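Novice: Given next are the chains, with one letter for each unit.
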Amino acid sequence: MRVDTVQVLCGLILLLPLAGCVLNGLVGPRAGRKFVNLAGTLSILASFIVACVMFGHVIAADAAHKAITVHMWQWLDLGTGANLSAGVDFTLDPLSALMVMVITGVGFLIHVYSVGYMKHDDGVARFFAYMNFFIFSMLLLVLAADLVILIVGWALVALSSYLLIGFWYQRPSAVLAARKAFITQVIGDVALVVAAFMIAGKVNSLSLPTIFGGVGAFDKGGAYVTGICILLAIGAFAKSAQFPLHTWLPDAMEGPTPVSALIHAATMVTAGVYLIARFHPLFDIAPTAQLIVACVGMGTALMAAITALSQIDIKRVIAYSTMSQIGLMIFAVGMGAYSVGMFHFTTHAIFKALLFLAAGNVIHALGDEQDIRLMGGLAGKMKWTAAIFAAGSVSLAGFPLVSGWFSKEALLGFGANGGGLLLALYFVGVAVNILTGLYAFRLYFTVFQGKPQTARVFAAKEAPMVMLAPVAVLGVGALFFGWIEWPFPGLWHLMSDFLSPVFHTAASGPLAQEPGWTVASLALVVGTLASLIGIGGAFRLWYQHRPDAAVVADRLPRLVSLLSLHKFYFDEMYDALLVRPLCALARVMRKTVEPGGMDRWVRGTSGSVSEMGFIARDTETGLIRDYAVYMVAAAVLGVVASALLWFVR
Amino acid sequence: MMALLAAVPTLTPPTGSDIVGLLPEVILGGAFVILLLLDLITPASRRTWLAAFSVVAIVAAFGTTVWGWFDAYNNPHVHGVFFGAFAYDRFGLFINGVLLTSALLVVVISPQYLNRRGLHYGEYYSLILAATTGMMLLAGAASLMVIFLSVELLSISLYILSGFSRTDERSQEAALKYLLLGGFASAFLLYGMALVYGETGHTQLEQIAIAIHSGIATVDPLLLIGVVLMLVGFAFKVSAAPFHMWTPDVYQGAPTSVTAFMSVATKVAAFAALIRVFSFAFPDLYPQWQTAVVFVCILSMVWGNLAALSQTSLKRMLAYSGIAQAGYILIGVASSPHDAGGTIGALFYLAAYSLTNLGAFAVITIMSGRGEDLDRYASIRGLAHRRPYVAAAMALFMLSLAGFPPTAGFFGKFLVFSAAIKSGLMPLALWGIATSAVSIFYYLRVVLLMYAKPDADAKSYEWSKTTVSGGAVVAFTTAGTLVFGVFVTLLYTVATAAQQGALPRL
Numbered sequence: 001m002r003v004d005t006v007q008v009l010c011g012l013i014l015l016l017p018l019a020g021c022v023l024n025g026l027v028g029p030r031a032g033r034k035f036v037n038l039a040g041t042l043s044i045l046a047s048f049i050v051a052c053v054m055f056g057h058v059i060a061a062d063a064a065h066k067a068i069t070v071h072m073w074q075w076l077d078l079g080t081g082a083n084l085s086a087g088v089d090f091t092l093d094p095l096s097a098l099m100v101m102v103i104t105g106v107g108f109l110i111h112v113y114s115v116g117y118m119k120h121d122d123g124v125a126r127f128f129a130y131m132n133f134f135i136f137s138m139l140l141l142v143l144a145a146d147l148v149i150l151i152v153g154w155a156l157v158a159l160s161s162y163l164l165i166g167f168w169y170q171r172p173s174a175v176l177a178a179r180k181a182f183i184t185q186v187i188g189d190v191a192l193v194v195a196a197f198m199i200a201g202k203v204n205s206l207s208l209p210t211i212f213g214g215v216g217a218f219d220k221g222g223a224y225v226t227g228i229c230i231l232l233a234i235g236a237f238a239k240s241a242q243f244p245l246h247t248w249l250p251d252a253m254e255g256p257t258p259v260s261a262l263i264h265a266a267t268m269v270t271a272g273v274y275l276i277a278r279f280h281p282l283f284d285i286a287p288t289a290q291l292i293v294a295c296v297g298m299g300t301a302l303m304a305a306i307t308a309l310s311q312i313d314i315k316r317v318i319a320y321s322t323m324s325q326i327g328l329m330i331f332a333v334g335m336g337a338y339s340v341g342m343f344h345f346t347t348h349a350i351f352k353a354l355l356f357l358a359a360g361n362v363i364h365a366l367g368d369e370q371d372i373r374l375m376g377g378l379a380g381k382m383k384w385t386a387a388i389f390a391a392g393s394v395s396l397a398g399f400p401l402v403s404g405w406f407s408k409e410a411l412l413g414f415g416a417n418g419g420g421l422l423l424a425l426y427f428v429g430v431a432v433n434i435l436t437g438l439y440a441f442r443l444y445f446t447v448f449q450g451k452p453q454t455a456r457v458f459a460a461k462e463a464p465m466v467m468l469a470p471v472a473v474l475g476v477g478a479l480f481f482g483w484i485e486w487p488f489p490g491l492w493h494l495m496s497d498f499l500s501p502v503f504h505t506a507a508s509g510p511l512a513q514e515p516g517w518t519v520a521s522l523a524l525v526v527g528t529l530a531s532l533i534g535i536g537g538a539f540r541l542w543y544q545h546r547p548d549a550a551v552v553a554d555r556l557p558r559l560v561s562l563l564s565l566h567k568f569y570f571d572e573m574y575d576a577l578l579v580r581p582l583c584a585l586a587r588v589m590r591k592t593v594e595p596g597g598m599d600r601w602v603r604g605t606s607g608s609v610s611e612m613g614f615i616a617r618d619t620e621t622g623l624i625r626d627y628a629v630y631m632v633a634a635a636v637l638g639v640v641a642s643a644l645l646w647f648v649r
Numbered sequence: 001m002m003a004l005l006a007a008v009p010t011l012t013p014p015t016g017s018d019i020v021g022l023l024p025e026v027i028l029g030g031a032f033v034i035l036l037l038l039d040l041i042t043p044a045s046r047r048t049w050l051a052a053f054s055v056v057a058i059v060a061a062f063g064t065t066v067w068g069w070f071d072a073y074n075n076p077h078v079h080g081v082f083f084g085a086f087a088y089d090r091f092g093l094f095i096n097g098v099l100l101t102s103a104l105l106v107v108v109i110s111p112q113y114l115n116r117r118g119l120h121y122g123e124y125y126s127l128i129l130a131a132t133t134g135m136m137l138l139a140g141a142a143s144l145m146v147i148f149l150s151v152e153l154l155s156i157s158l159y160i161l162s163g164f165s166r167t168d169e170r171s172q173e174a175a176l177k178y179l180l181l182g183g184f185a186s187a188f189l190l191y192g193m194a195l196v197y198g199e200t201g202h203t204q205l206e207q208i209a210i211a212i213h214s215g216i217a218t219v220d221p222l223l224l225i226g227v228v229l230m231l232v233g234f235a236f237k238v239s240a241a242p243f244h245m246w247t248p249d250v251y252q253g254a255p256t257s258v259t260a261f262m263s264v265a266t267k268v269a270a271f272a273a274l275i276r277v278f279s280f281a282f283p284d285l286y287p288q289w290q291t292a293v294v295f296v297c298i299l300s301m302v303w304g305n306l307a308a309l310s311q312t313s314l315k316r317m318l319a320y321s322g323i324a325q326a327g328y329i330l331i332g333v334a335s336s337p338h339d340a341g342g343t344i345g346a347l348f349y350l351a352a353y354s355l356t357n358l359g360a361f362a363v364i365t366i367m368s369g370r371g372e373d374l375d376r377y378a379s380i381r382g383l384a385h386r387r388p389y390v391a392a393a394m395a396l397f398m399l400s401l402a403g404f405p406p407t408a409g410f411f412g413k414f415l416v417f418s419a420a421i422k423s424g425l426m427p428l429a430l431w432g433i434a435t436s437a438v439s440i441f442y443y444l445r446v447v448l449l450m451y452a453k454p455d456a457d458a459k460s461y462e463w464s465k466t467t468v469s470g471g472a473v474v475a476f477t478t479a480g481t482l483v484f485g486v487f488v489t490l491l492y493t494v495a496t497a498a499q500q501g502a503l504p505r506l
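Chains as they are written, first to last, in my numbering: chain U, 1 to 649; chain F, 1 to 506.
Just to be clear, a hint being listed does not mean it is correct.
[Unchecked claim] Just some of the chain F residues that point at chain U, by a computed CB distance under 10 Å:
| # | residue |
| --- | --- |
| 1 | Lys-177 |
| 2 | Phe-184 |
| 3 | Ile-298 |
| 4 | Leu-299 |
| 5 | Tyr-320 |
| 6 | Gly-424 |
[Unchecked claim] Which residues of chain F face chain U? A partial, calculated answer using Cβ under 8 Å:
| # | residue |
| --- | --- |
| 7 | Trp-246 |
| 8 | Pro-248 |
| 9 | Asp-249 |
| 10 | Leu-309 |
| 11 | Val-438 |
| 12 | Val-488 |
[To be verified] Mimicking DSBU-like on lysine-lysine, the simulated pairs with C-alpha atoms at most 35 Å apart in a straight line are:
| # | chain 1 | residue 1 | chain 2 | residue 2 |
| --- | --- | --- | --- | --- |
| 13 | U | Lys-34 | U | Lys-461 |
| 14 | U | Lys-34 | U | Lys-119 |
| 15 | U | Lys-381 | U | Lys-119 |
| 16 | U | Lys-34 | U | Lys-383 |
| 17 | U | Lys-461 | U | Lys-381 |
| 18 | F | Lys-453 | U | Lys-591 |
| 19 | U | Lys-451 | U | Lys-119 |
| 20 | U | Lys-381 | U | Lys-451 |
| 21 | U | Lys-119 | U | Lys-180 |
| 22 | U | Lys-383 | U | Lys-461 |
| 23 | U | Lys-34 | F | Lys-422 |
| 24 | U | Lys-202 | U | Lys-180 |
| 25 | F | Lys-453 | U | Lys-34 |
| 26 | U | Lys-202 | F | Lys-422 |
| 27 | F | Lys-465 | U | Lys-119 |
| 28 | F | Lys-453 | U | Lys-119 |
| 29 | U | Lys-383 | U | Lys-119 |
| 30 | U | Lys-451 | U | Lys-383 |
| 31 | U | Lys-34 | U | Lys-381 |
| 32 | F | Lys-453 | U | Lys-180 |
| 33 | U | Lys-202 | U | Lys-220 |
Hints are computed from structural coordinates only; laboratory data are not their basis.
The model shown is predicted, which means the values in this text are computed figures rather than measured ones.
All C-beta atoms, glycine included, are put in the ideal place defined by N, C-alpha and C.
All chains should be built: construct the whole structure from the sequences, respecting the hints.
Specialist: As structure tokens, this is what we get:
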């Protein structure tokens, strides 16, 4: 790979979405819908083409030169002494190439879909400006080869997520959800920035290649590197909606559905997975942090899967399933199985974007209805959407020989091969498989099968072509993409082979090794059976018995349904533990501490400053003689002082 | 007077390379003369042609400046041209570039504004060109005499320009104040020069530097008083406190396009001379002049920022903000002999400040109503709801002036503060940071006002429509403010080259 070619490619792929954002933001509102649609989608199509070229370059490069870091320009230079600088540097390697492909590819399909979805919304120019801006920020994040640039991208995706969740800013619930998401993100940002300081403190550089080359500076397994990794993980957890920073994601469904598909399913929420995979040289020498990450991932996967069982909002079910699936990815990268983690990220991006978009078709057809108890029987009205949704569901549930099956079973196989705690987590994973089958098909059966519950279902029409075609493309991927990698040693391993230059071996971590034939087949059989049990259970509970949709939740064991329905009481817990005490503290501060203590000081300071301002202003008399006197006085002072100083010396 | 006569060398015709060193100034000076004649034959309705002619002249001068940038590097005129009276170096050419850009932008926004104010006379453009010529000469001046002459050339043009609105009392008052106090300051400057000449026996900066460095001229009170008096003269021109008193009155009274020009170009040119004299000719007197510069610097930051808090007119607020900005640039000067970063920072700051401040004034200029400048705070309330792009640009300029990343203004402050810290002037940097915290209040107030909801019962102001020329200037300055904040090295590299090429060198 030539440096200048990569520079041009990186520049293009970033500038194209940014140009789309600027065009839509500045001239979009006046130029009309057609212009906005074209500018919004074509800019992403163009950057997808650039992404393909990048991908081709990485494939074509010989094995030793798969990764290249290009320096665009120096942004900030603290010069000598501190010797810290921030360059606008980008890395093109298999990992970033894969991310770029997914972001622009899935992103483009979702942009096309949005043309149909936002057809009747007046803010379409604003919408596409934000969406393009998101693509730009996300690409910046995954291409960054410098911690400062990475953090900039990291913060900008949070910003675009905030803007898009609160896109319908007239709805108080959307504004609250946007705020919740942003505050949670900031907690992660702070952790990430502190981690950056700690890294710079040891390696004395912010450039990622230098950092990864200098991991020798850390004690293997030492407290310092473990601390860094935990902070990085907190950043990842906030971004990827993992326990305990997960509560924002379901609320984020207040945004338009394409946003949920792009940001809160396919790309941004998986940035945490990317971060851990990118920082694998650090995680590899901090096994304690790895174990914590794996535990949190699997714990979130289980909790979210249970919660998804009783949600009645179509988008929230999918949101919890996203959380659960990302939990599996975090589990994978936590135990060092980076390649399969990224593999599951890719398949998940496809089938989850599909599920959201198909759900969007349903919501659209029913006039913004999201309550699944009021749906039912839609398969007859929306054949294509139903079929595609079913494809996404089998992929999600892990039906044999469908994309999701390959990636999920592969990562569970790694867990089964690990000993001790990992094996325990593997069994939790098997339980998650059952639950996934249950909630995925609970959703499908309740929405598309059974009897129509409201009159609106009868009026529902199939979505237009512009909203169907992108989903169909994703549907093909959701069924067949997984075939590129088989969960057995020695078989097709296209994804792992492609990523291996980044991760050196399929699993370079000390925790998990690739399973042999025996463990792999055993895990595969167990996992598949679990998935099938889940799907079968859903079939019995919600299809064969055709319960009244209103009581879907009551068909679960009481404790499960109680916890599940209330989302494990996390919102209540945070409300009681954090929000209420803080609000109470704020009230006390406002009523007693502020007026008595702070205000006196603050007002005193600002008052005296503005008083000085008036004095300074009043020296300006407008009279030339006064001005001349000031000048002479100052000059005389200077003359006398310099003469005196000389004599003193 | 004797000193003056003694400084004149025997007459020798200048060589070709001497002329080349002055090419931009010659072009602009020539254009100034031709413009005076053209004005006689140009019909009143066609005065925009004069603006176009000025643009051509400025672009030509800019072209030769760019050419000179490479020529001066390839053929180093290490002792200057014209027997060392004029420095043909990258330092001067950098300043030339900044000045010419400012002049160009001002000329582009002027016709529309002058027409609206009923001030469209041909002399305007010739005076702008004359002032710019003077400033460029000042930027390259390497002799006390040339410094003084070019200060006078630029000052006299600006005296007339600030009184350009002949029927407006404020404008007349501004011109008179500027003239009287300017003459006063020139006297200080000249007196200081006389003392320095008397002590060192030279008017060429290079010879002065050698004389001080080699001990031929002893460091005694008279020399120091000369240095201090020169500082007074320059401080007046850069409007640093306590020699700033003219600034708010003149800025407010002068026509806005003239204020825009004065507020950036005069400061840039005077700072160029100040830096050349103090950092490059008097580095050996650093321990002596440092205290005085630090004093002026702190006073400017404090006074400018405090007084800006209580203003209600944009032009006056920007005048005080300009005083405060002069203080920040002086931080760079105060740390320059210890750390090259000081000069580089000051140069970067000057370029960034020029773009940003010119942009802010351009906004006021292009929004001004028929016959009056709409520069009261009350008149910009709710601007963002009617002129979203202009208001957004203005907000960006305010953020840049306040020093928010990623704008050019942030890096200007960053560079001078870090230079101060590196050269051991930590308290100065802390003062700078504290006072710029104060400045955020009055800069953001403008933003707040523009984005506030207009009062229902408020008088509706007749903001002018944004024309192509005005929009282009605002767009250019916006882009510059952002580009130099993101691609910092673009400007930083050039400023570094300017610092490295600066004459005189010991």
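Novice: Does each hint hold? Answer for all of them.
Specialist: Going down the list of hints, with the structure as the test:
Here the hint on Lys-177/F is kept, as its CB sits about 6 Å from the closest CB of chain U, short of 10 Å. Contact between Phe-184/F and chain U, as hinted, is supported at the beta carbon level, the nearest pair being about 6 Å apart and thus within 10 Å. Hint status for Ile-298/F: violated, given a least beta-carbon distance of 13 Å to chain U, over 10 Å. Hint status for Leu-299/F: holds, given a least beta-carbon distance of 9 Å to chain U, under 10 Å.
The criterion of a C-beta within 10 Å of any C-beta in chain U is met by Tyr-320/F, whose closest approach is roughly 8 Å, and the hint holds. A distance limit of 10 Å between C-beta atoms decides the matter here; for Gly-424/F the minimum to chain U is near 13 Å, and the interface restraint is violated. At a threshold of 8 Å, the smallest CB-CB gap from Trp-246/F to chain U is about 6 Å, leaving the interface hint in force. Checking Pro-248/F against chain U by beta carbon gives a least distance of about 6 Å; that is within 8 Å, so the hint holds.
Residue-level restraint check for Asp-249/F holds (minimum Cβ-Cβ distance to chain U is 6 Å; threshold 8 Å). Taking 8 Å as the C-beta contact cut-off toward chain U, the hint placing Leu-309/F at the interface holds, the least distance being around 4 Å. Residue-level restraint check for Val-438/F holds (minimum Cβ-Cβ distance to chain U is 6 Å; threshold 8 Å). Among the interface hints, the one on Val-488/F holds; its C-beta lies about 6 Å from the nearest C-beta in chain U, closer than the 8 Å criterion.
Straight-line distance between C-alpha atoms of Lys-34/U and Lys-461/U comes to about 24 Å, which keeps the hinted pair within the 35 Å bound. Between Lys-34/U and Lys-119/U, the direct Cα distance comes to roughly 10 Å. Compliance with the 35 Å bound is thereby established for this hinted pair. The hinted pair formed by Lys-381/U and Lys-119/U meets the criterion: a straight-line CA distance of about 21 Å does not exceed 35 Å. Restraint check for Lys-34/U and Lys-383/U: the C-alpha separation of about 29 Å stays at or below 35 Å, so the hint holds.
Simply put, Lys-461/U and Lys-381/U have alpha-carbon atoms about 6 Å apart, close enough for the 35 Å limit, and the pair holds. Simply put, Lys-453/F and Lys-591/U have alpha-carbon atoms about 30 Å apart, close enough for the 35 Å limit, and the pair holds. With a C-alpha separation of about 30 Å, the suggested pair Lys-451/U and Lys-119/U falls inside the 35 Å cut-off, and the hint holds. Using a Cα cut-off of 35 Å, the hinted pair Lys-381/U and Lys-451/U holds, with the two alpha carbons roughly 12 Å apart.
For the hint linking Lys-119/U to Lys-180/U, the alpha-carbon distance of about 28 Å falls within 35 Å, and the restraint holds. Simply put, Lys-383/U and Lys-461/U have alpha-carbon atoms about 10 Å apart, close enough for the 35 Å limit, and the pair holds. Under the criterion of a C-alpha separation no larger than 35 Å, the hint pairing Lys-34/U with Lys-422/F is inconsistent with the structure, at around 56 Å. For the hint pairing Lys-202/U with Lys-180/U, the CA-to-CA distance comes to about 34 Å; that is within 35 Å, so the pair holds.
As the CA atoms of Lys-453/F and Lys-34/U are separated by approximately 32 Å, the hinted pair is consistent with the 35 Å bound. Restraint check: the Cα-Cα separation between Lys-202/U and Lys-422/F comes to about 23 Å, which is no more than 35 Å; the hinted pair holds. With a C-alpha separation of about 33 Å, the suggested pair Lys-465/F and Lys-119/U falls inside the 35 Å cut-off, and the hint holds. Using a Cα cut-off of 35 Å, the hinted pair Lys-453/F and Lys-119/U holds, with the two alpha carbons roughly 30 Å apart.
Our distance criterion of 35 Å between C-alpha atoms is met by Lys-383/U and Lys-119/U, whose separation comes to about 22 Å. This hinted pair checks out: Lys-451/U and Lys-383/U have alpha carbons roughly 15 Å apart, not beyond 35 Å. A threshold of 35 Å between alpha carbons decides the hint, and for Lys-34/U with Lys-381/U the separation of about 30 Å falls inside it, so the pair holds. Distance restraint check for Lys-453/F and Lys-180/U: the Cα-Cα separation of roughly 27 Å lies within the 35 Å cut-off, and the hinted pair is therefore satisfied.
Among the hinted pairs, Lys-202/U with Lys-220/U is consistent with the structure: their alpha-carbon atoms are about 14 Å apart, no more than 35 Å.
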